[in-house]
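A.B. asks: Sequence:
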Amino acid sequence: MPAFPIVDTHLHIWDPARLDYAWIKGNPLFDRPYHVEDYARDLGPVAVEAMVFLECFADFDAERGQYLEEVAFVEDEARRDPRLKAIVPMAPLERGAQAEPMLAEMAEKHPAVKGIRRIVEFDADPRALTLSPDFITGVRLLEKFGMHFEINVNFTQMDIVREFVKHVPNVPLILDHCGKPGIRAGAIEQYRADIAELARHPNIWIKLSDLPVEADWQRWTEADLRPYIAATIETFGVDRVIYAGDYPVCLQATTLPRWVEVLDRAFTDLGLSEADTRKIYRDNANAFYRLGL
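Note that the numbering used here numbers the sequence shown so that position 260 is 1044, with each residue one more than the last.
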């Protein structure tokens, strides 16, 4: 375990009694509430200084969503665990300029909101959404409010991100979960090519998370993950890689302590210094999310 408290930049918490989430219905692992107390219990020996909440794909449609309701729910959770210092909700950026009033409300009334995320992976047409003029306009609006944008795709959609990043050079970006690389398919060369192209853009950072979930859930080994960990750090450098746990989604394939142990061993074998590991586990997140630690 790291010899210092870390920052977890990808925490999900939800309560089906407060918001609707169609995607968890009937799932034996996820169809239940997950609160900050569950996360604190499942951390085990991992010391965490601060957490960042990421939106949980609460139900939405073209007319409305539960965007502000989710922010209010997380603010309630943060009152019980003040380590929860930042919120990255969803917002209807596909509305273009019409999204500005909601972004203004988030910025003015909810100071813990640091950015916006969109899981384009599950959209009916991820390419058409992400590269549409209105969506790009909505993302560009984030600069006005000092917010960043996080994008979630899988490895078959990384070409979309490679094009999208060219349109928003002034907005800080994060690629969640290393772009969900094709570990099961052994697609390491594709991964190296994709992130090499993305790393050319100085405004995009990468979140080192969820690799066990993208491998064989029951039989993955550290050897399966190590090439992707190494490629991420070698390509983006220690200054633009950010640790994340992705609780409770990670529980499909690992525990939070096991994930940290995997990274600890990888960082040691890659020859990272203590200062480098601090950057990945804590300092980069503190700077990017403006946590004031």
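Calculated directly from the structure, the hints in this document are not laboratory data.
Glycine is no exception: its CB is placed at the ideal position from the N, C-alpha and C atoms.
A few of these clues could be false.
What the hints assert, rightly or not - Pairwise CB distance ranges, derived in the manner of DEER restraints:
#1 1048 <-> 906: 30 to 40 Å
#2 859 <-> 972: 32 to 42 Å
#3 865 <-> 1003: 15 to 25 Å
#4 867 <-> 799: 17 to 27 Å
#5 1041 <-> 950: 31 to 41 Å
A.B. asks: If a hint holds in the structure, say so; if it does not, say that too.
C.D. replies: Against the structure, the hints:
| no. | hint | result |
| --- | --- | --- |
| 1 | 1048 <-> 906: 30 to 40 Å | holds, 32 Å |
| 2 | 859 <-> 972: 32 to 42 Å | holds, 41 Å |
| 3 | 865 <-> 1003: 15 to 25 Å | violated, 34 Å |
| 4 | 867 <-> 799: 17 to 27 Å | holds, 19 Å |
| 5 | 1041 <-> 950: 31 to 41 Å | holds, 39 Å |
In this structure, only the earlier hint numbered 3 is contradicted, and the remaining ones agree with it.
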